[in-house]
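Chemist: Here are the chains, one letter per residue:
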Amino acid sequence: MEYVNPLTGFRVDGRRPNEMRQLKGEVGVVARADGSALFEMGNTRVIAAVYGPREVQNKGQQVNSKDALVRCEYRMADFSTGDRRRKPKGDRRSTEISLVIRQTMEASILTHLMPRSQIDIFVQVLQADGGTRAACINAATLALADAGIPMRDIVTSCSADLNYIEDSAGGPDVTVGFLTKMDKVTLLQMDAKLPMDTFETVMDLAIEGCKAIANYIREVLLENTKRLECQRDH
Amino acid sequence: MDHHQRWHPTVNEREFIERALQSDLRVDGRRPFDFRRLKILFGREDGSAEVQLGDTRVMGYATAQLVQPYKDRPNEGTLAIFTEFSPMADPAFEPGRPGESAIELGRVVDRGLRESRAVDMESLCVVAGKHVWSVRVDLHILDNGGNLIDAANIAALAALSTFRRPECTVGGEDGQQVTVHDPEVRDPLPLTIHHLPIAVTFAYFGEGNIMVIDPTYKEEAVMGGRMTATINSNGDVCSIQKAGGEGVMSSVIMQCLRIASVKAADITSKIKNEVNSYTSAKALQKVKRLPASALKKDNAPDVAMKESSDGALETQSTKPSSDGQQINKEPPSVVEDNKQEDVEPMLSECNPEAQSESRLTAGGSDETQEAISPKSLKDAVKPKHKRKKKQHSKINV
Amino acid sequence: MRDLQLSLNQTQRVRLEAALHELQTVAPAAAVTVADTIPVNDEDNILKGHGTSDQDGEVVATLCGVVERVNKLVYVRTLRARYKPEVGDIIVGRVIEIAPKRWRLEINFSQDAVLMLSSMNLPDGIQRRRTAVDELNMRTIFEENDVICAEVRGFQHDGSLHLQARSQKYGKLERGQLLVVPAYLVKRRKQHFHHLEQYDVDLILGCNGFIWVGEHVVVGENANMMENKLNLSAEVENFTPLETRKHICRLANAVRVLSALGFTLTVELIIETAEASVSSNIEINNMLGAEFYVQTAEREVKRRADLLRKKSGGR
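Protein chains in written order, with full-length UniProt numbering: chain A, 1 to 234; chain B, 1 to 397; chain C, 1 to 315.
One or more of the hints may lead you astray.
Some chain A residues close to chain C (C-beta under 8 Å, calculated; not the full set) [stated by the list, open to error]: (1) Asn58; (2) Asp78; (3) Phe79; (4) Pro88; (5) His112; (6) Arg116; (7) Ser117; (8) Pro195; (9) Met196; (10) Arg232.
Okay, the calculated bits of chain B under chain A, using three or more residues with CB under 8 Å as the criterion [claimed, not checked]: (11) 112 to 122; (12) 246 to 256.
Sample of chain A residues with no beta-carbon within 12 Å of chain C, all distances over it, derived [claimed, not checked]: (13) Pro17; (14) Gln61; (15) Thr225; (16) Arg227.
The set of hints was computed from the structure by calculation and includes no laboratory data. As the structure is a prediction and not an experimental result, all values here were calculated from the model. Virtual Cβ for every residue (Gly too), placed ideally from N, Cα, C.
This is chain A alone, in the form it adopts within the complex:
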């Protein structure tokens, strides 16, 4: 199967090789949550809700009282993929992704400002079409910012792959989580064999994607902040 048409230079879905999918971000989609966001990258849709900082519910989990405890739960809706079958809760894949998202967000949350408390991040994949991990991190960033949780930097994530194919096709896939302001990579996941210099190109491509997403996310947040402030009165 050809992923990039050799004649036209377009991908299967009509994009150019280095073109990103349509982004859409919206904050405040879950009424009861402290912060929430919906994030779309093309046909991938993810919803994230943040509760907290709030009292630690299970004191046994508290590592120390100086930092907030961050927890994350990743779920993939049964209807999010083409084949609709019941997936057991807490399978190995989602447990790992929960861990990855948690640690990525922890890298940017200023946990020491919220001692003796816990922050819960829930991410749910509503529709999966490649790059769910990246979309989840972007949604979580939006939701955390919406909840007014202090963060060092905006973490965004983007995946890129050599053949520009989707996840499921099994091509080499690189997911990068990027701290934009600090210009540092916090998350990096890659499967499949690649020579080192090819890998560098793919990683750089993903980093460029992260930067573009960061710009978009900031726009969304800034617009939301302005709207709230203006409505509020002075």
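Fit chains B and C to the supplied structure of chain A, relying on the hints for placement.
Modeler: Structure of chains B and C alone, referenced to chain A:
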């Protein structure tokens, strides 16, 4: 939760470790990019290995079973990694359900092996769509001294490298009958391993400016972030796992990868040496018990006897499987990789020429002919055909 | 539109959008998002306050909000966030646990707040040491799920937040509604207790975003309550006139509409909104409908425009 009860360094310990690292010193006296002492031990049976990396001890055990393949991949075998974090190794490991870190470790090792197609899956197919070998590697953490991923990865590779699956032939009127041969009758076959993806873990301290390789338990408790790069001796990146934590510059990541590829080459040769000495020792053992098995075998004894002088064990097994494997061998990924693989003598048995060449350099004898001669063995076992009903079904090696 | 599920028709949507758009043209705020650099014009000894951090010599925001400057102090005022307590704040909270010598309250902060038995006036009003008997009788004062009004006393050494209720005006709130709104919609003012005489209703605007609308209680009545309790049957005690109940509901709905629109909640605005609903003959249950929502937005736009005109006219 798995960080329950995990050891927490005191403020002084934390500061001491960090300060020392700032002046390129590590608490155990290593330099930043040194691995701890690596020791690989093999069990009595094929496919079991114990790896000691400093204080860390991990046991790997490979087994195989005939199963139905997945529908989307009817002509490929399967490989699965299972991890067992025994509470014996670390009080932080809870008995029962595997914790987050156990799952992460299993996934990292699994991805490194599988996505890079290190083990040839197509050669594990017996009857397409019906019977394939399902290889399972169990990784038991015996002692947690830090850097479990690297140790577990080496244990998995060592176990897979020495693993032998029973030979089986397809026959019967419909050509669908599978005969699994007793290891006593026909020597079991090794797996086709194209390359060894080695996991190399880096720990980051400070604001991602200080990094060390192969962190110990104490360093892990202090570190701000971690990255595991799985890389083979050719310098191909097979998988990377940096699950959040302290951010690092992309240039630092590339630097890490270059260091990792050097380390990977070291470890690869270490594993290969250990595996080779194990297999030759095993072959020597075989000579001793040959008289007993010679009664069963027809013309095997003299072949095996000759081999023993050199210690090449795999010889017999080469031919029957190599026909099928040669075709399927090429992974459909990047073309240039395969070239490199051909040049490098691999642990694979699919190219007997390369295999015997490497032996020659070591032993220096003319076993190349023998290596091909026992092909005829295949026909010799025909009389045993009646037995197949018994042996067929399920085999655990 | 977090709390209200509205189905606006086409006209209403256009009107609402026009109104909200109007609001946004009024004042360009110095809004920042996470990781934005805050320009400080190379001023020396800038004090970096809440929501800022120092990264390579730059002042960087760690929150989304509005940059505020007070002399040398630069800080980011957040909008949607949990409540940040300050000493002396009047808050409304809900008891979630009774622990030895203390109650734990949920007040929309990152931890539960603590109200010590010793930090509150006893029902008999006598100043004395708290005895073991008092401790056993804690549940007769406040039970789980009771709504309480108290004052922020401060952080203890262990980092926990303590409250106090050493006045007649604090204590258990009954016969009313508790509304939870984002904390940034309540401004700190001199007065947070409001007795709306025309309705015979108490309105307490807790700084933590918990708002109480309830039947008016005569201060000092609490003290006699214990005695009264013996005499009065539960029915009589819980009796609230229907008229008052309607007022409570009307005010509560006004708060709901205003908070859904994201307008700062002041007594004046709440009353004005409630009055407007009466004058335009909107039933209490229809106050949460689309039409009143849009009307409220439009009224607010007009009010602010008038205010602005007055200001500029005065100059």
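Chemist: Run every hint past the structure and note whether it holds.
Modeler: Here is how each hint holds up against the structure:
A least Cβ separation of about 14 Å between Asn58(A) and chain C goes past the 8 Å threshold, and the interface hint is therefore violated. This hint is violated: Asp78(A) has a C-beta 26 Å from the nearest C-beta of chain C, more than the 8 Å allowed. The interface hint given for Phe79(A) is broken, as the beta carbon of that residue sits about 23 Å from the closest beta carbon of chain C, more than 8 Å. Violation of the interface hint for Pro88(A) is found here, the shortest Cβ-Cβ separation to chain C being roughly 33 Å, above the 8 Å cut-off.
Checking His112(A) against chain C: minimum C-beta separation of about 11 Å lies over 8 Å; hint violated. At its closest, the beta carbon of Arg116(A) sits 5 Å from a beta carbon of chain C; the interface hint therefore holds under the 8 Å criterion. With a least beta-carbon distance of about 4 Å to chain C, the hint placing Ser117(A) at the interface is held under the 8 Å criterion. A cut of 8 Å between beta carbons decides the hint on Pro195(A): the least distance to chain C is about 34 Å, and the hint is violated.
Because the smallest distance between the Cβ of Met196(A) and any Cβ of chain C comes to about 30 Å, over 8 Å, the interface hint for this residue is violated. A cut of 8 Å between beta carbons decides the hint on Arg232(A): the least distance to chain C is about 5 Å, and the hint holds. Coverage of the region 112 to 122 of chain B by chain A holds in this model, with 3 residues showing a Cβ closer than 8 Å to a Cβ of that chain against a need of three. Counting residues of the region 246 to 256 of chain B whose C-beta sits closer than 8 Å to any C-beta of chain A gives 7, which meets the bar of three, so the coverage hint holds.
For Pro17(A), the condition that its CB be more than 12 Å from all CB atoms of chain C holds, with the nearest at approximately 29 Å. With a cut of 12 Å on Cβ distances, Gln61(A) stays outside the contact zone with chain C, its closest approach being about 15 Å. Not every CB of chain C lies more than 12 Å from the CB of Thr225(A), the least distance being 4 Å, so the non-interface label is violated. Here Arg227(A) does not stay apart from chain C, with its beta-carbon only about 7 Å from theirs, under the 12 Å limit.
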